[in-house]
Each structure stands twice: as structure tokens, then as C-alpha cells.
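Asker: Sequences and hints are given; from them, build the entire structure.
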Amino acid sequence: MNLFQAITSALDNSLAKDPTAVIFGEDVAFGGVFRCTVGLRDKYGKDRVFNTPLCEQGIVGFGIGIAVTGATAIAEIQFADYIFPAFDQIVNEAAKYRYRSGDLFNCGSLTIRAPWGCVGHGALYHSQCPEAFFAHCPGIKVVIPRSPFQAKGLLLSCIEDKNPCIFFEPKILYRAAVEQVPVEPYNIPLSQAEVIQEGSDVTLVAWGTQVHVIREVASMAREKLGVSCEVIDLRTIVPWDVDTVCKEECFLHLEAPISRVCGYDTPFPHIFEPFYIPDKWKCYDALRKMINY
Amino acid sequence: MAAAVSAARLWGKSRGLGQAAFLLLQRPGARGLARSHPHRQQQQAFSSLDDKPQFPGASAEFIDKLEFIQPNVISGIPIYRVMDRQGQIINPSEDPHLPQEKVLKFYRSMTLLNTMDRILYESQRQGRISFYMTNYGEEGTHVGSAAALDGTDLVFGQYREAGVLMYRDYPLELFMAQCYGNISDPGKGRQMPVHYGCKERHFVTISSPLATQIPQAVGAAYAAKRANANRTVICYFGEGAASEGDAHAGFNFAATLECPIIFFCRNNGYAISTPTYEQYRGDGIAARGPGYGIMSIRVDGNDVFAVYNATKEARRRAVAENQPFLIEAMTYRIGHHSTSDDSSAYRSVDEVNYWDKQDHPISRLRHYLVSRGWWDEEQEKAWRKQSRKKVIEAFEQAERKLKPNPNLLFSDVYQEMPAQLRKQQESLARHLQTYGEHYPLDHYDK
Chain A
1 MNLFQAITSA LDNSLAKDPT AVIFGEDVAF GGVFRCTVGL RDKYGKDRVF
51 NTPLCEQGIV GFGIGIAVTG ATAIAEIQFA DYIFPAFDQI VNEAAKYRYR
101 SGDLFNCGSL TIRAPWGCVG HGALYHSQCP EAFFAHCPGI KVVIPRSPFQ
151 AKGLLLSCIE DKNPCIFFEP KILYRAAVEQ VPVEPYNIPL SQAEVIQEGS
201 DVTLVAWGTQ VHVIREVASM AREKLGVSCE VIDLRTIVPW DVDTVCKEEC
251 FLHLEAPISR VCGYDTPFPH IFEPFYIPDK WKCYDALRKM INY
Chain B
1 MAAAVSAARL WGKSRGLGQA AFLLLQRPGA RGLARSHPHR QQQQAFSSLD
51 DKPQFPGASA EFIDKLEFIQ PNVISGIPIY RVMDRQGQII NPSEDPHLPQ
101 EKVLKFYRSM TLLNTMDRIL YESQRQGRIS FYMTNYGEEG THVGSAAALD
151 GTDLVFGQYR EAGVLMYRDY PLELFMAQCY GNISDPGKGR QMPVHYGCKE
201 RHFVTISSPL ATQIPQAVGA AYAAKRANAN RTVICYFGEG AASEGDAHAG
251 FNFAATLECP IIFFCRNNGY AISTPTYEQY RGDGIAARGP GYGIMSIRVD
301 GNDVFAVYNA TKEARRRAVA ENQPFLIEAM TYRIGHHSTS DDSSAYRSVD
351 EVNYWDKQDH PISRLRHYLV SRGWWDEEQE KAWRKQSRKK VIEAFEQAER
401 KLKPNPNLLF SDVYQEMPAQ LRKQQESLAR HLQTYGEHYP LDHYDK
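Taken in order, these protein sequences are the chains called A and B. Once you know that position 205 of the first sequence is 205 in UniProt numbering, the rest is easy, because the numbers rise by one and skip nothing. Once you know that position 104 of the second sequence is 104 in UniProt numbering, the rest is easy, because the numbers rise by one and skip nothing.
Incorrect hints may have been included.
To be verified - Computed list of lysine-lysine pairs in DSS-like fashion (alpha-carbon distance at most 25 Å, straight line):
1) B:K446 to B:K423
2) A:K162 to B:K199
3) B:K390 to B:K403
4) A:K162 to B:K423
5) B:K102 to B:K390
6) B:K446 to B:K401
The set of hints was computed from the structure by calculation and includes no laboratory data. Note that the structure is a prediction, hence the values are computed from the model and not measured.
Answerer: Put into C-alpha cells, the structure is as follows:
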């Protein structure tokens, strides 16, 4: 399956298993702008897979309300770039629902999904990676898969998790990434990073599409520099797996300062995307400088 | 009503203009062509001789005269009432003929709330609690609507609906516990006073951001519809909160997704210091309903029977027909916005006194009770004494209780406590071992 098919499969499993589960958002009824919900309305009915008006704050608020009654709400935001109108509902409401009520009420059965990340031509408003805005918000979980197999298992875990979750789907991988994905449901645990390659000299950490970039950088480092890289996919941004990525005392064991390779502090540009993104050459160069520190 | 419901089902199969006219009377804003999805109905052959509008977006006739619709705010939507200001029934056919016990419960709920408000407001002035909001003048909106619902109907409030909980017999001890944030608070001391919540009484915990509850209430109503729960959801908000985007979102979703929900707007004239003239320029909130395709009514919020009748009928139809209802209850906020406000800065004492003395929901109901021989001066005196005693007892007990253990600072962020948070909890415990003398630990449960 490719990534969007893996998503559809996860959603199909969820609606089959949980009679309270519903999927809603803009354009999900006909299958969605990225085909993630194709076939689900015909299979499960128009009361379970339905369009909402064009209003992100409404979509998330509505989803919270469904979850408050204990039913499973799977809300789609059409692009992560458009999640901001829902920021108040996510940060001030969903994230705090259980805590502020003393656990009398919660919206744990809410999952918000959104296409995420650069795609080659998306520019300012179809390329954003807004996870950082949510990373310091206690009460929600933010999860980003790197592949179809990871996506299905992580999405199912998000849907079944008893806390409100945001699941960002790397849109550039929707069609491009293809791998074997079981048709039956399975779970990949949240808040657990994955060491996808062992190494001893440098640790490379990324999530989503960038995991593939650093995996390639690890190969380049081995070939050109004889350097052994550990490659970690963080998977859950918050609450994150501190123990896998670093020990609390690791600061004293570092032989070089930590290097962050990311986009520049500008909005995501259109024609300049090839220069903007943290590609393998920039990551490789940062690694090279780190080795020579 | 059966006719309206079955006609609504026929609607989806696009039976033509005859049915359209009937349903336009029943459901303002329901459209002919738009409601039957163009992809699902058979494509009608468009004859070039057919000069009627074909737009999917509106069901309307052409007009060849250029005319703007003038919004009507001089004579707006009329205000439904049952009693006059002296508590006399105006139109006997609108008298709900409620039994004496029930009407006495209305009266006791409103007055007990009023008494609790006075004592807790005062307790804030004395530094015993940090903050308080009174409900003066709006008791009728709370009790009239609460009484018209089923006890299991889910309530989403804003912050000035304590009378709903009072009517549902929420104990004084727990109101006080939340205001004091003591160990008896089911909310575990997490929020400012008056942010009540009660699972058993189906009252969702209050949050400070305004209008956020509106789309949430709609989602809850949708889930209730799917569950065939025979349950409605009521969502309270003020005329100020109705300006928020979440209100627009909620109304639109409720209508398009056909949710069994009652939107109850308390239009009390002010949003803190902002009068309605600066909040909106149209005919209040009720006039917005038809714009969304929502059945709407305006009522006298200080007339507990009018509130009751409107809510009762809205509830019945919302559940039977799976559509939203909007009730705008006109009232007046007699008290300050909160203990952080002094409203003499922006309105006259005369204005406030008018409402307090001439048009108060409690007085009007008392006149009704007295004229029916269900209440008298002696009972009034006895009840005032008794209710005051109950409130003061609850208040003194609440004062004496400890606050919850500081460990409760860390729980319920997630369903399970993440490792990092447990580390932080342990870090605070160690910190208090060394620096505990600088913290008010004596007031907290060990």
C-alpha cells in the first residue's frame, strides 16, 4: 500500500471495530483531496463519514464535543497549514479538558489528522510543519509517521489512545512511499522513538519525511567519512521519548554541540524550495563539521 | 408534527415546489434545490426556455428591481412572555399550569442561588476566595430552562448558569468546594471559582475561553443523535460570546449536520462594560438564527414561565426532528461582571435599580406564587432565614477544609502520567523537603 492507502486501511479498521467512530472534515465524503477516505462513506454510511462546513475551528470544536460523549471522533484538517483557526480549541480546550475538570470529563477519543510538510510546490500554505507550535502544549499527543507501515500502526494507536492526538501525514509520501502493510489492524506504540540504524559516532534524529534524508546522510557519512551514525525516528513529538534520544546526563558526554538542520526562519517559499529545505547535503555538511569539531 | 417529520424525509427525494413551500414554513432557510444534492438527484434537463434560476446555492425567484434588504432593528423579533411584570398570566392558554411543588422548586432554586451569590461575593471581598461571579437578574433564564429539560440532557455553559446546577440539586457543599478549591472539589482545585462541572448531573465543566463550548455542544448533540439516546444538548452563552467565530461555527454545523441542540443565548445587555450597541448592530442574536436555517425565538428571560415554555417546546422538537433551536432570552445583568469589575464605571445606578426593583425574575415569580395562594410573607421570612443558614453552614465548612495534596498538580494531564511528568512531580517533592517552610503546606492535605 502507499501512504494514503495505509491511512484508509487504518480508518477502515477503526470504523469496523468501533461503532461510535465517525470521520468528518472538508471534502472527506467523496474520498478526500488526498484520497485518504475513499470508499468509507459507501461502506459505513453518511452519518459516519461526512463533510462539514469549511471551518477548522468548528471541525475541531465539533470533534471535541463528540469525544466528550465517549464516541470516537476522527477529524480531518485539509492541510496542516490551516490548523491555526483551531489552535484555541486544541490548546485551550482539548489539551486541558481532562485536567481542568479533575478528570470528570475528557476528549481522549478525539484524533485530528492533517497532511503535513513540503511537497515540491506547496509554498507558504501547503508545506508547513506546525508540530513545534503544539510541542509545548501538555495534554495532547503529536505523532508523525515516516512510512505507510508506520502510519497505519501509529494512526491506530492515536485513535485508540485515551488522549486527544494530532496525526500529521507527510503528503509528499502519500503516493510515493509504497511498502507491505497488513490489512488487519496493528498498533505501533506512541511516545517511543525508533532506532532504525545503530551507530557509535553521531546520532541523527528526525521525523516524517526527513527520516529518509538522514538515513541517506548516514550512508554518505559511512562511505565518505568512515563515520558510524545512529539514526533515530522520533515518531511522537510530544510526549517524546527522552530516554532513547539522550540520557539526562548526556550533555557532559557530547564531544560537539548539538546541530539543528532545518528550514530558514522565513515562511515556506515557492520557487526557492530547493534552497530552503534541509536536504541531505546540508545535513551531511553539518555532520562533517561536527566530526571535525 | 408527524407531517413535518415525514415531509422532511420526502425532502431528500426532491418532490418539487409544492413540498418546498410547506417546508419553508416549517424550517426557515431550507432550500429546494440545495437540499437535494445535485449529484444524487437525477439531472433535470435544463430547457433553454426555462427562465427560472438554476443556481445550486439558493432557492429563490428572479427580481428585476434593484433593492437592498433593509435590516429591521426598529421593530425586531417580538419577545414572548407569559407573565407581566406583576407576575399575572397574560394569555391563560400559555400558562403551563405547573403544579405547586414544581413552581415552588423554581422559586427556591432561584432564591437559594441569590443567597449563595450574596455570601460568596462577600467572601471574595473579604479575601476568603479569590474570585466570584454572581447571577443576579438571570436566575429565571437558568431555572426556567433547566426545568424544561430531562435530567440527563447534557449542559454546556459559559460561566453564568449556576442556577441550572442549582435546579439539578447540586449540593451547596460542592459549589463552595469548587470556589474554595478544597479537598472536596471534584475538579481537584484546578480552576478559578465558578468553573463548576458535574458528571452525574450532566453539566460539562466550565472553561474560561468564551464560546468554545458552542461547537463542542453541537458535536455532543450529533453523537447523541447517532446513539438514538433521546437526549438533547443545551448550550448557554451570552450575547457577547455570540460574536466569537466559534458561535458562527457552531450554528452552521448544527444546521447542516441536523443536530438536536438548543442554543440558549442570555442577552443581558453587557459583555463586561461593552453594551449591546457596541456588540452587534443587527436585531440581536435571535435574528441570526434564520440566516443559518435555524428555528429561532426571542423570550422574556425574566419570565420563568416563558423561558420554560420555549425551552420545553424546543426540546421536544429538537429531539423529534433532529434540528437545532435558538432561544434568545432577554434579561439584564444586575450584578457586576465579576468581583474584578465595578460596573458603576460604565452604567448608571438608576438603570441597575430599575431592573432590580421593577423587573426581577424572582419578584415576578413571587407575585405569581402569592396571587395563587402558594406563598406568603411568613413563608418568605422563614425561607430566607433557612436558606441563609444553609449557605452559611456550607460556607463555614468549606472554609475549614484543607486544599488537595500538591501531587494533584500533576495528574490528569493525560490519562496516564508520562515519565517526564513523574520526574517533575518527584522533583517538587524533593524541593519541598528542603524549602517546604516557604510554602503554605499547612493548608494542604498531606
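Asker: Return the numbers of the hints above that this structure violates; sort them in rising order.
Answerer: Structure breaks no hint.
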